Amino acid sequence: MGQALRLAGTVGESIVDGPGIRYVIFTQGCPHHCPGCQNPETHDFAGGHEVGIGTLLADIRRNPLVSGVTFSGGEPFAQAGALLPLAQALKADGKHLMAFTGYAFEELLQGSEEMRALLALLDLVVDGRFELAQKSLALRFRGSANQRVLDVQKSLAASTPLWADGYR
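Be aware that the sequence shown starts at 0, since it is given in numbering that gives the first Met the number 0, and climbs by one per residue.
Accuracy of the hints is not assured; some may be wrong.
To be verified - Each pair of labels, with its calculated beta carbon distance range:
hint	residue 1	residue 2	range
1	Gly-165	Ala-57	30 to 36 Å
2	Gly-19	Gln-87	37 to 43 Å
3	His-31	Arg-115	31 to 37 Å
4	Arg-139	Ala-3	28 to 34 Å
5	Asp-58	Ala-156	15 to 21 Å
6	Asn-145	Val-10	30 to 36 Å
7	Pro-63	Thr-159	33 to 39 Å
8	Leu-131	Asp-92	36 to 42 Å
Just so you know, the hints here were simulated from the structure itself, not pulled from any lab data.
This one's a predicted model, so the numbers in the text were calculated from it and none came from an experiment.
Where a beta carbon is used, it is the ideal one built from N, C-alpha and C, also for glycine.
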């Protein structure tokens, strides 16, 4: 796993970035630049630092309490090709995978082969651009009411976005 990701940072244990205890990877670089974004420091594609996939995988595997991994950002799908081998290894380890993306599910289905392959490995995705006018702190794992928490596997099987149970 010689590939590297450009990251803004990681959080070794989180309970606010998805279900269970999660390792969170904040990718660096975002094309969306949503007004009011909670991570504006992740927008610059030249910012952050590079971390090898093998280094990340070893760090994640060190903690037996981590049940899942969340790809956040920045925009994780902007680095889909680099995230793909990491996601494959994590899936092989039995980890629950989730991503936050500014792209709508429908846009991801029309995206690159790497984007579609990464999406296919996820369990949940929070999709859609953050909209400041729809911001709410009452939403579970979402920043604005226009965003959806989708069950990726059911959505792919049905060829239409389907909300994950308990998140609407």
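Going down the list of hints, with the structure as the test:
1. Between Gly-165 and Ala-57 the Cβ separation comes to about 33 Å, which falls inside the hinted range of 30 to 36 Å.
2. Distance hint for Gly-19 and Gln-87: a CB-CB separation of about 20 Å, inconsistent with the stated range 37 to 43 Å.
3. Checking the proposed 31 to 37 Å range against His-31 and Arg-115 shows it is violated: the Cβ atoms sit about 19 Å from each other.
4. For Arg-139 and Ala-3, the hinted distance range of 28 to 34 Å is satisfied, since their beta carbons lie about 33 Å from each other.
5. The hinted range of 15 to 21 Å is not satisfied by Asp-58 and Ala-156, whose Cβ atoms lie roughly 33 Å apart.
6. In this structure the hint that Asn-145 and Val-10 lie 30 to 36 Å apart at CB is violated, the actual value being about 25 Å.
7. Hint check: Pro-63 to Thr-159, Cβ distance near 37 Å, so the stated range 33 to 39 Å holds.
8. The beta-carbon spacing between Leu-131 and Asp-92, approximately 37 Å, falls within the hinted interval of 36 to 42 Å.
Of the hints listed earlier, those the structure fails to meet are numbers 2, 3, 5 and 6, in rising order.
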